[in-house]
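Novice: Top to bottom, those sequences are chains F and S. Residues 0 to 479, numbered by numbering that gives the first Met the number 0, are exactly what the first sequence covers, in order. Residues 0 to 479, numbered by numbering that gives the first Met the number 0, are exactly what the second sequence covers, in order.
Be aware that a few hints might be false.
It does not matter which identical chain is meant; a pair holds if it fits inside one copy or across any two.
Unchecked claim - DSBU-like cross-link-like pairs, simulated, lysine-lysine; straight-line CA separation at most 35 Å:
| no. | residue 1 | residue 2 |
| --- | --- | --- |
| 1 | Lys408 | Lys427 |
| 2 | Lys31 | Lys125 |
| 3 | Lys125 | Lys190 |
| 4 | Lys459 | Lys190 |
| 5 | Lys190 | Lys323 |
| 6 | Lys351 | Lys408 |
| 7 | Lys125 | Lys427 |
| 8 | Lys14 | Lys459 |
| 9 | Lys190 | Lys6 |
Rather than coming from a laboratory, the hints here were simulated on the basis of the structure.
2 protein chains.
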Amino acid sequence: MYSIELKRQSEIPIKRQIYQALKDRILDGSLKAGEFLPSTRELAEQINVSRHTVCEAYDMLITEGFVLSRQGAPTRVAEGLRIDRPPGGFQDTREKSKTRYRVDFRTGWPDLRHVPRYLLQQMAHKAFEEMPLERFGYVSPQGALELRAEISSWLFRSKGLDVDAGDIFITSGATHALHIIANLISGRGNKIAIEDPCNSGILQTFLNAGCEAEPIPVDEKGIRVECLDGVSVSAVYTTPSHQFPLGPILPAVRRAELIRHARENDIYLIEDDYDSEFRYAGEPVAPLYSMDPRRVVYVGTFSKVLFPAIRIGYVILPEELQPKWRELRMHTDVQNPPFEQAMLAEFLRTRKFDRHLRRMRKLYGERRTALLGAMEEAFGDGWRACGDAAGLHLTVEFKSMRFDEAFIKKCGENGVRIASVERHAIRKGRHSNKLLLGFGHLEPVEIREGVSILRSVIQKHNLDGVKRYDCDRQLQSDPL
Amino acid sequence: MYSIELKRQSEIPIKRQIYQALKDRILDGSLKAGEFLPSTRELAEQINVSRHTVCEAYDMLITEGFVLSRQGAPTRVAEGLRIDRPPGGFQDTREKSKTRYRVDFRTGWPDLRHVPRYLLQQMAHKAFEEMPLERFGYVSPQGALELRAEISSWLFRSKGLDVDAGDIFITSGATHALHIIANLISGRGNKIAIEDPCNSGILQTFLNAGCEAEPIPVDEKGIRVECLDGVSVSAVYTTPSHQFPLGPILPAVRRAELIRHARENDIYLIEDDYDSEFRYAGEPVAPLYSMDPRRVVYVGTFSKVLFPAIRIGYVILPEELQPKWRELRMHTDVQNPPFEQAMLAEFLRTRKFDRHLRRMRKLYGERRTALLGAMEEAFGDGWRACGDAAGLHLTVEFKSMRFDEAFIKKCGENGVRIASVERHAIRKGRHSNKLLLGFGHLEPVEIREGVSILRSVIQKHNLDGVKRYDCDRQLQSDPL
């Protein structure tokens with residue numbers, strides 16, 4: 000009568016298989032409310048298991064209230080348990096695997112092939128070994144002190160920034176920092192002024208956090224500070240060291256204007272310093288933060304200088320924001336895990352980090368040169384590089400060209416992933432003649448291949464509104 | 000004339016020290032707009048450094064727009080740069096160190112002294128060594144597949160839960176999971192029904208995410224499902240396997256009611272299974288999720304079964320919520336770091352995790368017994384234990400007692416940290432006779448000391464509204 004199919008080899012204990020089988024029948028109604036279950040002895044014999052096993056299964060059903068048992072009386076099904084099985088089955092909804100490109104000019108990717116993984120592995124090992132016991136518990140939403148101290152001293156020796164470790168807050172990367180900042184600074188629905196164009200992912204982070212974005216145009220010098228006048232916002236998001244995606248360094252005059260504006264309007268400046276460690280022409284640019292630590296929230300990350308998966312970034316916070324930050328972080332994700340923090344602290348302490356940075360700066364500089372050369376060769380003077388010689392991507396501008404989605408798609412079909420600046424524009428239509436080429440993760444040979452494919456795509460296709468000969472002409476010799 | 004104080008031993012390059020000194024004077028106005036800087040040769044002689052060094056400093060000032068230079072003409076200070084120094088200096092605002100207690104009955108702490116750290120260290124080392132290169136880049140907001148697969152098979156063998164790895168999403172712990180769920184399920188300002196009492200930290204997580212909390216009372220069986228009728232919410236937060244803090248296992252009848260309610264009202268059930276791995280009386284309780292994977296968002300964590308700092312939890316998501324989840328996670332903190340994930344996957348794969356769990360369950364069971372014994376000895380039958388024999392804390396109820404803040408404070412002064420259930424109540428006044436004792440991290444001797452201190456505090460102090468003799472009487476023999 001009770002044909003329960005038992006999988007004797009299964010990792011699921013027999014008692015749980017019995018429990019599951021009976022529970023299923025109770026829920027789908029094939030065992031009705033009030034119905035008696037067979038005695039444990041009966042069932043044990045029927046399905047050929049020990050009575051003890053059946054008793055354990057019954058105990059589970061009793062504990063969870065599926066069946067009721069009273070001394071002496073037989074065990075019976077409880078009332079009101081029937082619910083229909085959920086309709087349909089389950090599909091595996093794993094993420095689709097990404098398309099592979101022959102050359103992928105995606106931006107913001109360091110070269111993973113140059114991660115000093117064995118060095119880091121040793122440091123991780125040491126860190127784990129020497130980890131004090133209490134670090135395995137809840138420690139601090141601010142992050143490991145020794146890491147904050149090392150970051151502080153690195154900021155000092157690399158950017159001349161004098162920051163107390165107590166003002167540094169570790170995060171799980173820059174996106175995470177901006178997510179918390181959005182909750183920290185803007186009350187729900189509050190407006191934040193954002194450079195336009197700006198990184199589309201970061202814009203989304205602000206929007207998801209309930210912010211409204213007020214786009215502030217960027218020109219060849221950076222954010223147009225005068226456009227902030229009369230705009231009521233709670234903060235300004237800016238990338239003064241290397242504007243993304245256009246690349247200029249915000250001049251001192253505008254920095255001073257920004258600081259004055261922030262003071263007069265009692266708002267904060269969110270300085271995203273995402274890749275200024277890689278400057279090829281000269282010294283790293285001094286952060287806006289140094290001009291007024293009371294007004295600027297500085298955001299730094301190790302995703303580009305080390306590797307993205309390390310998930311460690313940091314913010315330097317004005318004092319008055321610090322208590323609220325701790326409260327928010329505590330109820331967002333509590334803290335970073337301790338091992339990466341200890342590993343990174345050791346990497347900084349031993350100055351091997353500085354050496355790694357110099358090596359990578361040299362490498363990326365060479366790749367940037369290779370990219371400029373390939374562009375020169377492919378497009379003569381029909382294009383120009385925008386912004387400062389820094390970072391892991393190059394923004395290029397073509398005269399009288401329009402790079403629309405169809406063009407980007409066409410590039411993809413030809414094996415090249417490339418992004419238009421337009422994709423990162425909040426107000427569309429102003430930057431359709433610009434492309435973004437991330438080069439940090441590409442070998443010179445890959446770079447040259449990518450550029451030549453790009454050239455062929457540009458040549459093969461009349462772009463909307465630009466006749467073939469226009470295109471060709473400017474490709475030959477149009478002066479900008 | 001230009002007395003620039005140079006620290007020759009400093010880690011800051013001389014050129015940056017010069018740059019900094021000049022920049023400071025420009026910003027504070029002691030170098031005025033239009034004023035000429037000395038020639039590089041002059042300055043080099045005055046401060047006794049190489050001319051090249053001065054040139055580099057000037058280049059930095061030019062790049063950032065603090066000074067202007069034109070061929071032939073002397074370098075001069077740019078316009079409009081003066082800003083007053085920010086008022087006041089900086090204090091170190093490091094977090095105050097926590098008070099140390101002789102006995103700390105805080106809840107939710109596993110015993111860190113039993114973390115299998117050397118085992119884990121080996122696995123972390125192996126994980127790091129074998130980590131594929133692409134794992135150092137941005138991988139997936141869903142989490143490492145091998146970890147999700149191992150969690151899936153562990154849920155199968157330990158709880159009989161049949162979940163596809165594609166439905167499992169890794170998080171940085173349960174708080175992080177609930178933070179994203181709050182953004183996922185509730186539109187801003189939307190209402191979520193929350194068990195009352197419930198963990199006060201989790202309540203705060205929902206509130207910070209912009210949710211409104213609708214408290215649903217809990218009785219000795221768990222959440223009172225009938226109280227949901229007529230309440231319009233987007234989700235119900237519940238802890239059916241071991242209600243926090245009262246401890247009951249939600250009976251099957253109420254589970255079925257919950258599922259029906261969720262289906263009829265087209266809402267989700269958020270099942271927080273924070274510590275049901277530790278059941279001392281019998282088998283782990285089957286998750287509510289198994290009753291309807293379309294309606295239940297299951298939240299699990301490794302903070303208690305391994306250690307809090309690992310920052311790994313997971314959610315099992317209904318299919319229709321998965322795309323939105325990926326988008327949200329991507330713009331919240333992108334993903335978990337890869338090393339802890341790989342380490343944990345290996346720990347699960349080798350089944351050493353199961354062994355660790357069994358060991359800890361035995362250990363915690365003994366400590367719970369020690370706590371019950373100590374309470375018995377100290378308070379006779381003037382108290383009773385609430386809820387199921389599970390988890391890392393014990394909730395105790397005293398008859399005709401009121402544990403207010405003053406009492407908790409007094410315990411602290413006597414060296415014992417303890418929490419009242421009232422602290423976790425949304426609607427106050429219903430649970431003031433209950434205390435929470437976290438015991439997982441305490442040795443039996445610590446437990447006994449803590450209880451005896453608790454007893455002396457209770458005896459020494461007339462509590463509001465309870466006369467001394469009442470107190471004593473019930474301490475001797477009041478039957479509940």
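Novice: Which of the numbered hints are not met once you compare them with the structure shown?
Specialist: 2, 3, 4, 6, 7, 8 and 9
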